[in-house]
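Colleague: We have chain D already, so just place chain A on it with the hints.
Listed in order, the protein sequences are those of chains D and A. Take the first sequence: its letters are residues 1 to 500, numbered as in full-length UniProt numbering. Take the second sequence: its letters are residues 1 to 500, numbered as in full-length UniProt numbering.
In short, the hints are calculated from the structure, not lab data. Certain hints may be false.
Mimicking SDA-like on lysine to any residue, the simulated pairs with C-alpha atoms at most 25 Å apart in a straight line are [as the list claims (entries may be wrong)]:
(1) A:LYS336 / D:GLU192
(2) D:LYS330 / A:VAL5
(3) A:LYS286 / D:GLU192
Between beta-carbon pairs, the in silico distance windows are [stated by the list, open to error]:
(4) A:GLU311 / D:LYS288: 49 to 55 Å
(5) A:GLY335 / D:GLU337: 53 to 59 Å
(6) A:PRO19 / D:LYS365: 52 to 58 Å
Every value quoted in this text rests on a predicted model; they were computed, and no experiment measured them. Note that the Cβ used here is the ideal one computed from N, Cα and C, for glycine as well.
Number of protein chains: 2
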Amino acid sequence: MENHVFLPNLLKQRAYLTPERRALAFGEHQYTFREVYAAAIRRAGTLKHTFDLEQGTKAGVLIKNTASGYFLLLALQQAGVTAVMLNNRLTNEELEFQITDTSIDALIYDDDFHNRANELKPFINNERVFPLSEMESQLQPEFEPLEQVDMESICTIMYTSGTTGNPKGVLQSYNNHWWSAVGSALNLGLREDDVWLCAVPLFHISGYSIIMRSIIYGMEIKLFERFDEAVVDQELKKGSITIISVVTAMLQRLLKNIGEGSYHPDFRCMLLGGGPVPKSMLEQCKEKRIPVYQTYGMTETSSQIVTLSPEDSLEKLGSAGKPLFPCELKIVSNGKEAAAGIEGEIAVRGQNVTKGYYKREEANKKSFADGWFMTGDIGYRDDQGFLYVLDRRSDLIISGGENIYPAEIESVLVSHSAVSEAGVIGVESEEWGQVPAAFLVSERELDSSEVKEFCRSRLARYKIPHHIYFVDSLPRNASNKLLRKNLRELIQKGQFNDNQ
Amino acid sequence: MENHVFLPNLLKQRAYLTPERRALAFGEHQYTFREVYAAAIRRAGTLKHTFDLEQGTKAGVLIKNTASGYFLLLALQQAGVTAVMLNNRLTNEELEFQITDTSIDALIYDDDFHNRANELKPFINNERVFPLSEMESQLQPEFEPLEQVDMESICTIMYTSGTTGNPKGVLQSYNNHWWSAVGSALNLGLREDDVWLCAVPLFHISGYSIIMRSIIYGMEIKLFERFDEAVVDQELKKGSITIISVVTAMLQRLLKNIGEGSYHPDFRCMLLGGGPVPKSMLEQCKEKRIPVYQTYGMTETSSQIVTLSPEDSLEKLGSAGKPLFPCELKIVSNGKEAAAGIEGEIAVRGQNVTKGYYKREEANKKSFADGWFMTGDIGYRDDQGFLYVLDRRSDLIISGGENIYPAEIESVLVSHSAVSEAGVIGVESEEWGQVPAAFLVSERELDSSEVKEFCRSRLARYKIPHHIYFVDSLPRNASNKLLRKNLRELIQKGQFNDNQ
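Only chain D is shown next, with the shape it has when bound in the complex (with noise of 0.2 Å):
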């Protein structure tokens, strides 16, 4: 403890040095940092006294972004409570697994997944769980905020899959949100106008970041409960944000809209994340003159971690960029640190990289090593440091800025009764960039409307398989591992039967 790192309760400080500035717009509603303090401190009141929720305890969180579901967060943090965050996408038996896993002490939710929070109950300590409605019906006026914030202690909870086995819980304590932001203001300035537009989710790691930044920048957030191209793109042409946060399949809607006008002059900044991003649209965007900063990062590293400015982004075709100021990068290969131009498996180390996965020992001594953590990606630098993704960690499907791991969805395939053997791949979407494939060996007649509704109950509909192929049998190699790679190449030799 003593080594920790102390701040100034962020927010209360903010909202000190601030207060009259603007935190929040949701619909027509907008909030000042001194106003959504008060809202805050209301919220932790009755986190504490109704919800019975103390300083160190876990919330699972399972909102929308809205103006409630924002002010929630903020209470959750007043209040010394660690966030678990659901992903909303996910079917309750995915989120059973997570909420049993960190041992929510309640789950708190948006009144619009009332059904969903009654059937998980039973699998709440107490079966505690809250909705949004209650919280705002109950705001309790008496809460004093600790002063100062340990930077040591976990504020969320996210949840990651991986190559094998259930998903991980990656904790981010306030050290990683905090470097996180500082790094990303070093990389792309900041200033007093700045307007940052999350429609994003804020359950996943690109939307909760922008809060943090909000915070420790005193900058507002124009938030969206979803994304709709037509409103960002009147948003972007009339110059009322500065800073967009997106997924390749958004900006792919957003450029069939743009048609022949351009985004206002004062729209400074497209970060874009999530996957590879085809060249033809980075063109079109230069053509445009949409300042598209193409990022690389990951729940583990709380928000980017490597980022390419548009002026190298046509010249560095592909390159996912350098590393933000705080942080480092390298190649690993063969257990040394590659040179440049040399592939091997991506390594990064800042103060933004989690400590680790919660309770997941033998993850996190195969990950982290020496400050380093080791993502599973493989990549090479190139002689001015530039990084190249090549292969995202174990055949990760980016669908829509949502993560897919095949191993995921292959467990719940083969627990079919007529599957045998299953193997899934992304291919390439229009829409979402990839959407999942899978192959099947099935041991009696089957058609795959009959797979895709056993999926249903049991996988997040992102999930599902858009195409399902039956074949005699998966290429493995000698020691029986499936080799996915190859499996792409039965598509195109069409050694299969679609029964789509």
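Modeller: Here is chain A on its own, set in the frame of chain D:
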């Protein structure tokens, strides 16, 4: 050690991330970060191989604001050598104390200070003194800097005087400098095209902090050997710089020079430190639309810690503003935190605050508790939390941005054989803000020119009393403690002989 934060070697990282951005302009010369990093590495090689300065040693630095002085400071960082920053305006007698106190391993000096360095030689371990020209003529291409910087290691030591006793060396770690730079950016914002004009001394924290910001932000410094108001006026008017650090005396000279013109709209911040500012000056600034940020800070806080934005500068006239985001402020009265409006000692806390003075256990015990640094200054906070500084610590005199402690001058004065008692206060000066005035009780006939002559070899020029008053006795309280406040009344009452 294990809990220390390590960051990538700061200058190396900057040169990797933005090699072609301009780092320094000095006279006719410009240098990119790639160039200044290469320059620093070659000189770090000289430090190690020619001057035999290993990592962890301490070098006294007696330089001017020149490119080679700047390169030396960067080279010392690369070599891991702590820079003991010597104020070149001090007398050798004053410097002798400092270099003996820190026991420097070598002195590196600007060639213009050749005679002074020779005089100081006997007081340095092994009489190791090196002119910058020797460094410049023996550049060593072979040097491998550390990949990471231990943020707790000491980057610089700067001496500051105090109420009583000898000057104390303030230990400034990389961590202190980092958080100072980040705190400032979160307050002032950060733009890719920022250029910071530095005409304040590099040996003071006001100048040195600009170097740290430049590295951390990737920002250009426009360095001047001295402050020339006509030259600076031109820079401000043509829009070639966006930020400048000044002290009150500089601002006054600028205002005399501005004429009917006005500064360029790209000039966005005049960071004004070093004591109080007359209201009339602020009003002139407002009229001329000069974006003045008043600040409160000290060597112990590694530059500003409290800053007032231009929009508050007239409404909150006389206030020093609010703390930087990562910093805290409180007023201590009777050992307890005082409420708004109550006067007391100003205490500050933050990662930019020094861990203490070099080998001054007693002073450290007195000034540091619980992370709080007791500044010795008196002030209060208003109900919105704006700080008002009422009295600088121990009758501190601030003359042209230099701190002068009466006790130091008094102890020199009483060492004169004919002076039995001495009291010093600051009196107003149009040119310098304040200048020292001395009140002497003498044992024989004495004139002020003899006294000033006596001071010349013992005190930096700016410390020599501008006015000398001979009196029969000094005002003292019952415990025989000098009442400096009452000296001012003597002037009003005319109870003295001014032999100036």
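Colleague: Next, verify each hint and record whether it holds.
Modeller: Okay, the hints, checked on the actual structure:
Between LYS336 (chain A) and GLU192 (chain D) the CA atoms are separated by roughly 36 Å; this puts the pair beyond 25 Å, and the hint is violated. Using a Cα cut-off of 25 Å, the hinted pair LYS330 (chain D) and VAL5 (chain A) holds, with the two alpha carbons roughly 19 Å apart. For the proposed pair LYS286 (chain A) and GLU192 (chain D), the alpha carbon gap of about 20 Å is at most 25 Å, so the pair holds. A C-beta distance of roughly 36 Å is found between GLU311 (chain A) and LYS288 (chain D), which places it outside the suggested range of 49 to 55 Å.
For the pair GLY335 (chain A) and GLU337 (chain D), the supplied restraint of 53 to 59 Å holds, since their beta-carbon distance comes to about 55 Å. Separated by about 37 Å at the C-beta atoms, PRO19 (chain A) and LYS365 (chain D) break the suggested range of 52 to 58 Å.
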